[in-house]
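Residue numbering for the sequence shown follows UniProt numbering, starting at 1 and increasing by one per position.
If you're looking for bench data, these hints aren't it; they were derived computationally from the structure. You may find that some hints are simply not true.
Pair ranges (Cβ atoms, derived) [claimed, not checked]:
id	residue 1	residue 2	range
1	T17	N147	15 to 23 Å
2	D126	I188	17 to 25 Å
3	I137	W190	15 to 23 Å
4	E94	T51	14 to 22 Å
5	N56	D151	24 to 32 Å
6	D171	A20	19 to 27 Å
7	F25	G55	38 to 46 Å
8	T64	R145	20 to 28 Å
9	S177	N101	32 to 40 Å
10	I143	E48	32 to 40 Å
11	E181	P90	18 to 26 Å
12	P90	E24	29 to 37 Å
In silico lysine-lysine, BS3-like type, Cα no more than 27 Å apart, as pairs [unchecked claim]:
id	residue 1	residue 2
13	K123	K23
14	K68	K42
15	K185	K23
16	K154	K68
Think of the CB as a built atom: it goes at the ideal place given N, C-alpha and C, for glycine as much as any other residue.
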Amino acid sequence: MSKILGLTGGIACGKSTISAYLKEFGLPVIDADECSRAVVEKGSIGLEKLTEIFGNKILENDGTLNRKALGQIVFSDSEQLSLLNSVMEPLIREEISRRLNQENDADLVVLDAPLLIEQHYDKICDFIMTIDVPKKIQLERLIERDNLSEDEAKSRIESQLSSRERNGFADVVIDSSGTVEQTRKQVIKWLKTINV
Numbered sequence: 001m002s003k004i005l006g007l008t009g010g011i012a013c014g015k016s017t018i019s020a021y022l023k024e025f026g027l028p029v030i031d032a033d034e035c036s037r038a039v040v041e042k043g044s045i046g047l048e049k050l051t052e053i054f055g056n057k058i059l060e061n062d063g064t065l066n067r068k069a070l071g072q073i074v075f076s077d078s079e080q081l082s083l084l085n086s087v088m089e090p091l092i093r094e095e096i097s098r099r100l101n102q103e104n105d106a107d108l109v110v111l112d113a114p115l116l117i118e119q120h121y122d123k124i125c126d127f128i129m130t131i132d133v134p135k136k137i138q139l140e141r142l143i144e145r146d147n148l149s150e151d152e153a154k155s156r157i158e159s160q161l162s163s164r165e166r167n168g169f170a171d172v173v174i175d176s177s178g179t180v181e182q183t184r185k186q187v188i189k190w191l192k193t194i195n196v
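I would like the entire structure built from these sequences, with the hints used as guidance.
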């Protein structure tokens with residue numbers, strides 16, 4: 001049976017860069033974001049449920065999910081965010097489980113999940129790696145990456161666990177505020193310590 005490395009970090013902290021590196025390193029990566037997109041594809045039960053709750057305003061003209069419209073609803077209202085999570089979490093959990101089962105021959109499988117702790121995926125992980133940067137860098141990256149206003153970016157950051165809370169669950173915290181090479185060296189150093 002595979003060991004599971006839970007990979008998490010706040011929005012715009014560099015988790016995707018580390019995930020891509022782990023994939024290059026030869027590890028299978030289960031991406032919870034990909035799973036969340038898969039369960040709300042056009043014609044899916046997930047998208048149907050979200051439309052029932054939030055209305056057609058969350059749909060593009062072609063019937064696909066308008067993530068920005070949904071984000072504007074849920075990232076400014078904690079009750080709406082909780083409602084979204086209550087619908088999505090069981091669907092995503094099922095998809096993650098299906099994908100993990102497909103990789104059970106690997107020695108180590110990476111579960112890349114932004115809400116690893118909040119969604120209790122940490123309970124199925126053998127190791128937890130969090131990716132972190134100073135809050136100022138996180139805010140700058142998010143504004144630039146997602147073309148958000150400062151207020152929108154702050155709202156998204158504040159909707160997640162704080163770095164301090166998240167890092168309390170970690171076996172290792174990787175600081176991704178330096179160069180990509182510096183960050184990779186931290187990851188390699190830690191991987192050598194777990195003997196898988």
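Here's how the hints hold up against the structure:
The hinted window of 15 to 23 Å between T17 and N147 holds, with their beta carbons roughly 19 Å apart. D126 and I188 have their C-beta atoms about 19 Å apart, which keeps the hinted 17 to 25 Å range intact. Taken as a hint, the range 15 to 23 Å holds for the pair I137 and W190, whose Cβ atoms sit roughly 21 Å apart. For the pair E94 and T51, the beta carbons lie near 20 Å from each other, so the given range of 14 to 22 Å is met.
Between N56 and D151 the beta carbons are some 26 Å apart, a value that agrees with the proposed interval 24 to 32 Å. Between D171 and A20 the C-beta distance comes to about 21 Å, which sits within the given range of 19 to 27 Å. Restraint check, F25 to G55: a C-beta distance of roughly 43 Å satisfies the suggested window 38 to 46 Å. Evaluation of the 20 to 28 Å hint for T64 and R145 yields a pass: the beta carbon distance comes to about 21 Å.
Distance hint for S177 and N101: a CB-CB separation of about 36 Å, consistent with the stated range 32 to 40 Å. Taking the beta carbon of each, I143 and E48 are about 33 Å apart, inside 32 to 40 Å as hinted. The beta-carbon spacing between E181 and P90, approximately 40 Å, falls outside the hinted interval of 18 to 26 Å. The beta-carbon spacing between P90 and E24, approximately 32 Å, falls within the hinted interval of 29 to 37 Å.
Annotation: proposed proximity of K123 to K23 holds, straight-line Cα distance about 23 Å (limit 27 Å). Between K68 and K42 the alpha-carbon distance is near 16 Å, which keeps this suggested pair within the 27 Å criterion. The suggested pairing of K185 with K23 holds, with an alpha-carbon distance near 15 Å, which does not exceed 27 Å. Taking the CA atoms of K154 and K68, the gap is about 15 Å. The hint holds against a cut of 27 Å.
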